[in-house]
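J.: Sequence:
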Amino acid sequence: MAKTGRFMVWVLYSLLLESFLVHGIGDERKVHIIYMGDKPRGSYSAAEAHHSMLQTVLGSTFSARESLVHSYERSFNGFAAKLLDEEVEKMKGMEGVISLIPNQILKLHTTRSWNFMSFSESQSNLLAPQEGDVIVGLLDTGIWPESASFSDYNMTAPPAKWKGTCQNVNFTCNNKIIGARYYKSHNSSKNSDDIISPRDTEGHGSHTASTAAGREVSGASYYGLAEGTARGGVPNARIAVYKVCWSFGCSSVDILKAFDDAIADGVDIISVSLGSGWPVPYMEDVIAIGAFHAMRRGILTSNSAGNSGPYPYSVSNYSPWSLTVAASTIDRKFVSQVVLGNGQIYLGNSINSFNLNGTSYSLVWGGDAANYSAGADTDIARYCYPGVLNSYKVSGKIVFCESLNDGSPSLNDGSAILSSNGVGVIMADSFFSDVAFSYPLPATVISTEDAQKILEYIRSTENPTATILIGETWKDIVAPHVVSFSSRGPNPITPDILKPDLTAPGVDILAAWSPIAPPSIYFDDKRSVDFNIISGTSMSCPHVSGAAAHVKAAHPNWSPAAIKSALMTTAFVVDPNKHPELEFAYGSGHINLTAAIQPGLVYNTSEADYINFLCKQGYNTTDIRLITGDNSSYCNSTVPGRAWDLNYPSFALAVEDGQPINAVFTRTVTNVGSPNSTYTASWNIPSLFNVTVDPPVLTFSNIGEAKTFWVSVNGPVISQQPIVSGAIVWKDDVYVVRSPLVVYNVLPGATNSSSYLLKQSKFDGSSKFPKNNFLRQNYN
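Throughout the sequence shown, residue numbering follows mature numbering (1 follows the signal peptide of the UniProt record, and there is no 0), covering -26 to -1, 1 to 754 in sequence.
Simulated from the structure, these hints should not be mistaken for laboratory data. Fair warning: there could be bad hints in the mix.
[To be verified] Ranges of calculated distance between the beta carbons of each label pair, as one might list FRET restraints:
{"id": "1", "residue 1": "N636", "residue 2": "I319", "range": "55 to 61 Å"}
{"id": "2", "residue 1": "G370", "residue 2": "T422", "range": "22 to 28 Å"}
{"id": "3", "residue 1": "E423", "residue 2": "P255", "range": "42 to 48 Å"}
{"id": "4", "residue 1": "L58", "residue 2": "P255", "range": "21 to 27 Å"}
{"id": "5", "residue 1": "W684", "residue 2": "N148", "range": "50 to 56 Å"}
{"id": "6", "residue 1": "L58", "residue 2": "Y608", "range": "34 to 40 Å"}
Bear in mind the structure is a predicted one, so any value in this text is a computation, not a measurement. For glycine and all other residues, C-beta sits at the position ideal for the given N, C-alpha and C.
Can you make the complete structure from the sequences, with help from the hints?
T.: Shown next, in the form of structure tokens:
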């Protein structure tokens, strides 16, 4: 079978397996979410209403009780139930139902990183007393409460606003971790190592929690690599944990229940480092639904952008009321060098904690060590898949493994060499050239160009030898740049809303880890660590969650939109020459937490603004009244429209192919800087189009005063233009408030039809990444 064919069979198998895990087979009942909007006012009992609806559809009280999985009734209205296909159709037609969503299994998408962002330990402690009143809620794999990152030393009792609980099942909370819940409606991992409690068995949840709000821990490292003081962005903030992810993934019915609880519990920031692999409308996306109701209660949701980059339209979590974070590098990278017997040295990427002390070992090409008894041949063994190597030829040697050379990631987890008693592995791959991984044996990943030279050495030498040097930390002089795996825009649902919103450190991040989770990409690695180095937009998201919590501590009365605006408009400008996708890679820029505390002006967006936006997305008055629980809400028009008047901190203009550039954006800024101040507009715009800002000067006399302005963008007919960008900047004597402006082409009909865009961009990240443990653990 051709190489690409083998890879696609693997992908197809993964998709079929996931479908089976989620839906079962045949006429089995399948779990669905019935979303019904806001909680009705008055003495309405949501649980009774949900049972009544199920009883009507299923025909008996017993069946209704057995079918119900969750009732969402604390922060919004809805429920999850197991239904047959014909029951799904009956439920769709019932009064009060906005959307009916099949359950999905979603994917999990530091010493140096905070200092790299010029946010020192002394700065992080400036707001220590206020930080104690901020609660960061994390929807993830749980947490390891005994980690030093979650010590409550010298911390006072939780703030009075906290209404949550701690599920003390093999778990104990403290004044740092003030709440912990777990949700497990899915039974896929009955025989796994999952612990049925908020305790983290995967490592991912402990890593994200400590990145956002971990205490300061000196001497942290991964086997001596990246040694330093580990800390989160808000070390004195409180943590509330909502375990929704297990070894099999994250069930959407549990995610929505966790949102329901987190909102009612009283968290201030919600951090969600997971997402779906394909785009769906806003009110069919559980994370978008949860984030919308969180926004209504003053809570900002920070989301990971996804790990399906660098492909366009791959960004996850694109709702305008949430903050979407891409992943970028910091000024540190991990390398491990290969030294051949002929003295040649080749550089590879690897978090290599193993020391061979310079000893050389025999070097064998995987293709020369085929396990013919298992049906393998040279063409298969060269890639070192599990089970294809001859252990007699590999034992005691370093193995060189080739790349697929078809644009697919071809790294293995080292298990094939380890099980064959190999000493180490040299892998060739150019797909992962900007990120390193850790392995259960000495290993490094070189370029495909250098791989050819090593292969030539093996073939031309009677007794080839090599050694792999222990990992080193090198300076990355081009940081930050958005890493290749980080998902890219445009926004697959609303092309006039720029996504991602910004970028933050997400590559080779050291943070807390569960000591019972594997410390490398090999699932059966039995070593134990308290801190681990991993990469993903899952790592960049909690950096922004911590930053948002810091801004919230400084400005407790700011709305979610104001906090989001402060982070976006003060971001560092990213070098566009490093990224052909421009803002579709990095949004407004790289997070600059120090500046975000005092942004000068903010783009404040109200619930009414988002309702108007949803109307223009095609939702009608009936839908809106259910979503808001307010019978006075209405849509002026049912005709889909552009999003140019949503008060967003960035500007995006999608132009249908062959049409002229012509748009007018309405924006309002609120003064949060000096009481008496005058801001002047400037813009840096390519010659392709013209921009006018009216008025060009805004004068404020009070803090909290708001001013409206209009931005007109005009230009010639454009065709097949990927993206051109500039910026609108407001300046006074102290503050600089910057918003990117992007113009790009889409196909005819795409600017006002969400369903059209869904057809154009519907793909799962698994079309490029097989869903094995290697990617689950590292591309989070």
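J.: It remains to establish, for every hint, whether it holds in the given structure.
T.: For each hint, the structure was consulted:
no.	hint	in the structure
1	N636 x I319: 55 to 61 Å	holds (58 Å)
2	G370 x T422: 22 to 28 Å	holds (27 Å)
3	E423 x P255: 42 to 48 Å	holds (45 Å)
4	L58 x P255: 21 to 27 Å	holds (24 Å)
5	W684 x N148: 50 to 56 Å	holds (52 Å)
6	L58 x Y608: 34 to 40 Å	holds (36 Å)
When the structure is compared with the earlier hints, no violation turns up for any of them.
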